[in-house]
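Asker: Residues per chain are reported as follows:
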Amino acid sequence: DGGITQSPKYLFRKEGQNVTLSCEQNLNHDAMYWYRQDPGQGLRLIYYSQIVNDFQKGDIAEGYSVSREKKESFPLTVTSAQKNPTAFYLCASSIFGGRDTEAFFGQGTRLTVV
Amino acid sequence: AQSVAQPEDQVNVAEGNPLTVKCTYSVSGNPYLFWYVQYPNRGLQFLLKYITGDNLVKGSYGFEAEFNKSQTSFHLKKPSALVSDSALYFCGLDQAGTALIFGKGTTLSVSS
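From first to last, the protein sequence lines stand for chains A and B.
Once you know that position 101 of the first sequence is 101 in my numbering, the rest is easy, because the numbers rise by one and skip nothing.
Once you know that position 36 of the second sequence is 36 in my numbering, the rest is easy, because the numbers rise by one and skip nothing.
None of these hints come from the bench; they were simulated from the model.
Hints may be right or wrong, so weigh each one.
[Unchecked claim] Simulated pairs of lysine-lysine, DSS-like, Cα-Cα distance not exceeding 25 Å:
id: 1; chain 1: B; residue 1: Lys104; chain 2: A; residue 2: Lys9
id: 2; chain 1: B; residue 1: Lys58; chain 2: B; residue 2: Lys77
id: 3; chain 1: A; residue 1: Lys83; chain 2: B; residue 2: Lys104
id: 4; chain 1: A; residue 1: Lys83; chain 2: A; residue 2: Lys57
Construct the entire structure; sequences and hints are all you get.
Answerer: What follows is the structure in structure tokens.
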């Protein structure tokens, strides 16, 4: 099955902990993205990567970090510097450079601070 | 700056009636516009896109969208709504070939 897999589906974090959300795709897409979804605020772009070993900050990158060591993987770390991390996180991928190509989304990870 | 807006938080329609979910955009240059649907606790599913050409774009599940350059709008439409169409709908704009940006979403509720 081709697609994007996010894990875990639910994640609980204690105050002051770093946590890493996994995103893997087998679509052979060059570009990958992380979005944060909060009720009433829509989707906001955290980071994106258009090629291996390169990534760019989105609109709300503070408190987050990413890596792109492999084409198929784009993990997101939510650091202790992120003051309000409780949200639904969505990973997506698309063909690089194709403004006319749609993004494919994973099923999301719901992160809750306890 | 490029932006996309969905002016309605919620749209309510009766089953069998036509539906419209509104989207407006602001962009320098040609717009590349998308509609996605999201069901509870799931990712987004692609419905349709406008790149160039016909102003009426047809997509999945009987949805279509009308691009209007003079009004900078890209409204999602369906001639006859189904209860199963109830979901959260997002309008997206390609941000200069880097990443999609989205409106805040519109909740569509179809009553039987």
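Asker: Each hint needs a verdict: does it hold in this structure or not?
Answerer: Verification of the supplied hints:
no. : hint                 : verdict
1   : Lys104(B) - Lys9(A)  : 23 Å, holds
2   : Lys58(B) - Lys77(B)  : 10 Å, holds
3   : Lys83(A) - Lys104(B) : 22 Å, holds
4   : Lys83(A) - Lys57(A)  : 18 Å, holds
Hint check: no violations occur; every hint is consistent with the structure.
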